[in-house]
Amino acid sequence: MKNKTVLQNAFLIFLGIGLFFLLMDFLGLASKNYLRSLNAFIVLYGIHRTIKYNYDKGKMDYFENLFSGFITGILGVFLGIVGLIAFIYIKGGECYLTTLSDTFFFVGKINIIQYCGVLFFEGVASSLIGAFVLMQFYGDVAIAKNIK
97 MKNKTVLQNA FLIFLGIGLF FLLMDFLGLA SKNYLRSLNA FIVLYGIHRT IKYNYDKGKM
157 DYFENLFSGF ITGILGVFLG IVGLIAFIYI KGGECYLTTL SDTFFFVGKI NIIQYCGVLF
217 FEGVASSLIG AFVLMQFYGD VAIAKNIK
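As numbered in the working numbering, residues 97 to 244 make up the sequence shown, in order.
The reader is advised that the hints may include incorrect statements.
[As the list claims (entries may be wrong)] No farther apart than 27 Å at their CA atoms in a straight line, the calculated lysine-lysine pairs in the BS3-like style are these:
#: 1; residue 1: LYS128; residue 2: LYS155
#: 2; residue 1: LYS100; residue 2: LYS155
#: 3; residue 1: LYS153; residue 2: LYS100
#: 4; residue 1: LYS187; residue 2: LYS128
#: 5; residue 1: LYS128; residue 2: LYS205
#: 6; residue 1: LYS153; residue 2: LYS187
[Claimed, not checked] Each pair of labels, with its calculated beta carbon distance range:
#: 7; residue 1: LEU131; residue 2: PHE163; range: 28 to 34 Å
#: 8; residue 1: PHE122; residue 2: VAL220; range: 33 to 39 Å
#: 9; residue 1: CYS191; residue 2: TYR151; range: 46 to 52 Å
Hints in this document: simulated from the structure, not taken from any laboratory.
Backbone N, C-alpha and C fix where the C-beta goes; we use that ideal spot for every residue, glycine too.
Take the sequences, apply the hints, and build the full model.
What follows is the structure in structure tokens.
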């Protein structure tokens, strides 16, 4: 990858999500589905850092920055899912999975791969939407810089 900032911010997303969920587990809040949605702000922060870095370095191409932000989010979410799989197996595997919150797409008994697969697709969707929304803001910033 030609931009190590994408990898650094993806790793930052991974650390943020990991610490967030470890804290939720420690406090006994892992079963609260609505708290899981707060990790979107961690993903948005990492995407924002990548896009801001690109604009600060003079990269003004909309699609290049959108793609960089999207890849940052996907890599961060992917690393988070790998960490989650390891954490679930450390905590007891399928037995521990029943203590976690229900996913949006499945009801009833699911396995670890299904659970993490749904979380990954939720993360991909939030990364795409988040990168697009942030690019709308930065698109206005780029236009304002070109006017001056």
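Please test the hint of 46 to 52 Å on the beta carbon pair from CYS191 and TYR151.
holds (47 Å)
Could you tell me whether the CB distance from LEU131 to PHE163 stays inside 28 to 34 Å?
At roughly 30 Å between Cβ atoms, PHE163 and LEU131 fall inside 28 to 34 Å, so the hint holds.
Holds or violated: LYS153 and LYS100, Cα atoms, limit 27 Å.
Satisfied, since the Cα-Cα distance of roughly 13 Å is no more than 27 Å.
Against the 27 Å threshold, does the CA-CA distance of LYS187 and LYS128 hold or violate the hint?
holds (18 Å)
Keeping to a limit of 27 Å between CA atoms, is the pair of LYS128 and LYS205 held or broken?
holds (18 Å)
Would you check the hint for LYS100 and LYS155, treating anything up to 27 Å between C-alpha atoms as holding?
Answer holds: LYS100 to LYS155 is near 15 Å, not above 27 Å.
Measure nothing beyond the straight line between the CA atoms of LYS153 and LYS187; if it is 27 Å or shorter, mark the hint as holding.
Violated, at roughly 43 Å.
Quick one: are PHE122 and VAL220 within 33 to 39 Å, going by C-beta?
Because 28 Å falls outside the window, the suggested range is violated.
Taking only the CA atoms, is the gap from LYS128 to LYS155 under or equal to 27 Å?
violated (40 Å)
Hint compliance for this structure: hints 1, 6 and 8 are not met, and every other hint is.
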